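*Asks:* So you can see what is in the structure, the chains are spelled out below.
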Amino acid sequence: MTTTRRLVTHSALGALGTIACAAAGLLTPGFAAAQADALKIGLILPMTGPFASTGRQIEAAARLWMAQNGAKVAGKTVELIVKDDAGVADTTRRLAQELVVNDKVVALAGFGLTPLALAAAPVATQGKTPLVVMAAATSSITEASPYIIRTSFTLPQAAIGIAEWAAKNKIKKAVTMVTDYGPGIDAEKFFVDRFLLNGGTVPEKLRTPLRSPDFAPVLQKVRDAQPDAVFVFLPSGQGAAFMKQFAERGLDKAGIKLIGTGDVVDDDILADMGDVALGVVTSHHYSAAHKSPANQKYVAAFQAANPKMRPNFMSVGGYDGMRVIYKALEATKGASGEALLAAMKGQIFESPRGQVLIDAQTRDIVQDIYIRRVEKVNGALYNVEFDAMKGVKDPGKNR
Amino acid sequence: MLTLLFDGIAYGMLLFVLALGLAVTMGLMNFINLAHGAFAMAGGYVLVLLMQRGGWPFLAALPVCFLVPALLGAALERTVYRPMYRKPHLDQVLFSIGLTFMAVAAVDFAMGSSQQNLQLPDWLRQRWEFGSGAAMLGVGAYRLFIVVVCVALALGLQALLTRTRFGSRLRAAVDDPTVAAGLGIPVNRVFLLTFAVGSGLAGLGGALGADILGLDPSFPLKFMVYFLIVCAVGGTQSITGPLLAALLLGIADVFGKYYLPKLGGFIVYTLMIVILLWRPQGLFTREAR
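Just so you know, the sequences run in chain order A and B. Number 380 marks the last residue of the first sequence (this note's numbering); no jumps. Number 293 marks the last residue of the second sequence (this note's numbering); no jumps.
Quick caveat, the hints were computed from the structure, so don't treat them as lab data. Remember, it's a predicted structure, so these values are computed and weren't measured experimentally. Each residue gets a CB set at the ideal place from its N, CA and C atoms; glycine is no exception. If a hint is listed, it holds; no wrong ones were tucked in.
Chain B is faced by these chain A residues, among others (derived, beta-carbon under 10 Å):
1. Met28
2. Gly30
3. Leu187
4. Asp195
5. Ala197
6. Val199
7. Arg204
8. Gln219
9. Ala221
10. Ala228
11. Arg230
12. Lys234
13. Asp253
14. Met254
Label-pair distances were calculated between CB atoms; the ranges are:
15. B:Val84 x A:Val69: 21 to 31 Å
16. A:Lys378 x B:Val84: 55 to 65 Å
17. B:Phe134 x A:Ser121: 46 to 56 Å
Listed next, the in silico DSS-like pairs over lysine-lysine satisfying Cα-Cα at most 30 Å (straight line):
18. A:Lys357 x A:Lys234
19. B:Lys266 x A:Lys238
20. B:Lys266 x A:Lys202
21. B:Lys226 x A:Lys289
22. B:Lys266 x A:Lys153
23. B:Lys266 x A:Lys234
24. B:Lys226 x A:Lys64
25. A:Lys371 x A:Lys238
26. A:Lys378 x A:Lys186
27. A:Lys154 x A:Lys374
28. A:Lys186 x B:Lys266
29. A:Lys357 x A:Lys151
Could you build all of it, start to finish, from the sequences and the hints given here?
*Replies:* Have a look at this one:
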């Protein structure tokens, strides 16, 4: 009897102990999960101010990626923290610091303009946090920190495409007109270099201030120089006003072609531009009219989630940026820092814009650059691609 | 050359209409209204709303662009501006700049922060060209339209101020409100009307300028400096002062950006500094008594 009783007692105690242990075992990681199993991604974007369209596009695309791929990576919940820097570099830097120090984000992302990305670069270096640039496009950005990865494009990349096209299409003399800041200077330099190399001449290089109320004087100067074409870079948003004045000044009638990088005929504003935009030839890495099943699916999903918007090149930088972060987190099973950075390098995948590669050496994106012409497709204006340069590496780094 | 001159005149005229309302409130009513640009922006957005959402023709929409900011100005004058008249200038500056920020945020919220795109009717998008070579004159229909409207406005206002009963009442009310009130002049109503007209002019300027200057919620902040320069250089005691100042600045700006693109935007500021060193009271102001 006693032995039996002892046995029962023992086993009961044992069972209890096991349950307790199991419970504790379950509880402890469960408790920790609430804190550590969230993978936070800090998305810093201009959501208000003159560059808000960039922020809206990227946020919409990032949320679309999460909606399509779920909020779980490597068994942990991904949490997107969106912060608005209104396009002010000081704010970007402060927000980046807060996200790294307080929120312990695994990656910083976003960055609408070059100065904003440069302001956050030291934070990434100090915090050993990968920083994914989804918009800003000055070539030198990726050199500002070894933790920077870029999923947008670079202006040298975009500018050489149209320079090649111009030289082959009876454009011998071109004037450049760019906005006077980092990306504009990049665009000017690489367009002019490539164009001169192919035997063209550039009689004038014009720069307009970032805040330029009236394009009349520069446009008059373009007209008086009587070139075959004018190469234009303007930050997205100014394109519409410029295009109108271009036509009103009679530059198109004087036989001057308008060419440029795709920012001037950004998909976000192209639909409202009216027929003045018809026939404008640009080179860029993305058009909403890109003919691939991946892009058609992307555009349809984007417009279903955001009925009044058309995805532009900014959105695709955001979408692919989220993809790079997700895949890297899957590879590292949620680990952050150096491991995550290493997992981001060298990714090759099919983006809505076509095949892309994150170059492991420069951490910059390698992609196709398309030559497009503005045409009417089903009654709406689109950049229709008719030629492509395959696998373009940022020419700004071939030194 | 001539084309540039014409562009400069048109740009100057635009600055004139935009700054005129400010000259009226600042010079005549002695009130520093930095929220002036907000009324201009209101005019611009009224035009965009009417033309894009309402499908109104351009010419029919323009008077509404004057009326709505004018009514808005009148309402604000009655409620928030009037208590500020007797306060020191610094209070007025802080108050009106706060109002500007509120306007910027409100428009950003209601209309979105992207540039508004306006489609002018075809007859305003033409262009005529005369002569050739250096003497070529290219005239854009819209810029010509701006010049005509602005000249008409300047003449009308000058007549209103110097030839009418309202004008003399206004001048009396500004010089000494107490005595003017004693003489039976309804000082409050005169101020109300003046402020409304000033705001309405700003609105009209904003509507006319929307196509050339662009229109987004940061408009009042972007152009505040230009309005202030016009008023500072031209003085605020007359209509002709701001008119000539605006023309001078518009032409200098266009020529500067053409011939000295490296200096570009600085020409206007340099010119202002030189003029103010020479005549601190403004170009066309009589010496302070």
